[in-house]
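Line order of the protein sequences matches chains A and B. With numbering that gives the first Met the number 0 applied, the first sequence covers 0 to 135. With numbering that gives the first Met the number 0 applied, the second sequence covers 0 to 224.
Take these hints with a grain of salt, some might be off.
Unchecked claim - Covered stretches of chain B, as calculated for chain A (at least 3 residues, CB under 8 Å):
# : stretch
1 : 8–18
2 : 62–74
3 : 84–97
Calculated from the structure, these hints are not laboratory results. From the three backbone atoms N, C-alpha and C, an ideal C-beta is built for every residue, glycine too.
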Amino acid sequence: MHETGIARNILRIATESVLEHEGPGARLASVEVRVGLLSGVDANALSFAFGALAEGDSEIWTDLDAPPTIPTKGARLLVIPSIPSLRCEACGANDTPDTLTWSCPECASPRIRLEGGRELEITALEVEHDPRQHQN
Amino acid sequence: MIPANTRIELRRRVLEENDTIAERVRSTLRSRGVRSLNIAGSPGAGKTALIAAMAPHLKPHLRIAALVGDVETDHDARRLERAGIPALQIETHGACHLDAAMTHDHLERILSHRPELLIIENVGNLVCPASYDLGEDLMVALLSVTEGEDKPAKYPALFRAAHEVVLTKTDLLPHLPFDVPTFDRNLAPLRSGDRAHHTSAQTGGGVTEWVDHLLERLLQRNPLN
């Protein structure tokens, strides 16, 4: 599927942001992403692709994309699933079900409206500073 | 001593680059008075056949042209050309969906035919096209009756993202166990009750009604000058 391309976008945005906030000499330790259940992205495939790309194996980065400018080896991806909130148009119940559901947990009506759940965004980064620059 | 890790709070959309290019495509299309559709569905759902069947009903109202995505071959662009639609093939060479950059890169060439409606046929896939805005006015999700009535429940993202859902190959319904009420029940919660349009490219059944509805919606959204 398309998780490799998405993982590549995540690494590009993350490394550019680290460079912008911390300058060179920082290492990307982890990235926190919010992934909606309706985003069409599989969290396991995304984590696998992210891990492989973060190792920096140049064969995985295509010629079209420059490899990350700051070290990413060993960086972790933390996926925060985002579940849509549900409103039942039959009984008025509001709920945030643990799993994706297409009927109201209160009255079983299929007339539900789902809000959110399509998010695919980076919410936080964790940066580790290169210890070699802090030896004094 | 190794300093503690620094946490940086961010709020960046992962597909922001695609969305930026999609907005550029959208504004180019709007500034030239071109309306647009993104047609998505499984391989073999009948995307090309439906576009070809729609053409005679669209042409009296709008000049049309098509961009067609496939992993390999230009078969579909040639099929559409045989149906009298100027068409340009986008071969993705492995990618399972079109993205905004691909639309953008082929835009000027297809706009040289001066279409008033640009139909973008996505790569056959029920998952990935839901994530990628191509800059279109309306996304249309197709499902053929041979795929089974449970597909909206199994692939909710696309059927929820689409502006319209079209059921294709309905001439085969008498030969299949496909249960329309079950399909409607699977689709309803994803679409606030909106039902699918029933069409058959083979017999032409339902195509006029679908095109009439589509024209009304497209012209409402982007009135003719």
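Each hint, compared with the structure:
no. : hint  : in the structure
1   : 8–18  : holds (count 9)
2   : 62–74 : violated (count 0)
3   : 84–97 : holds (count 3)
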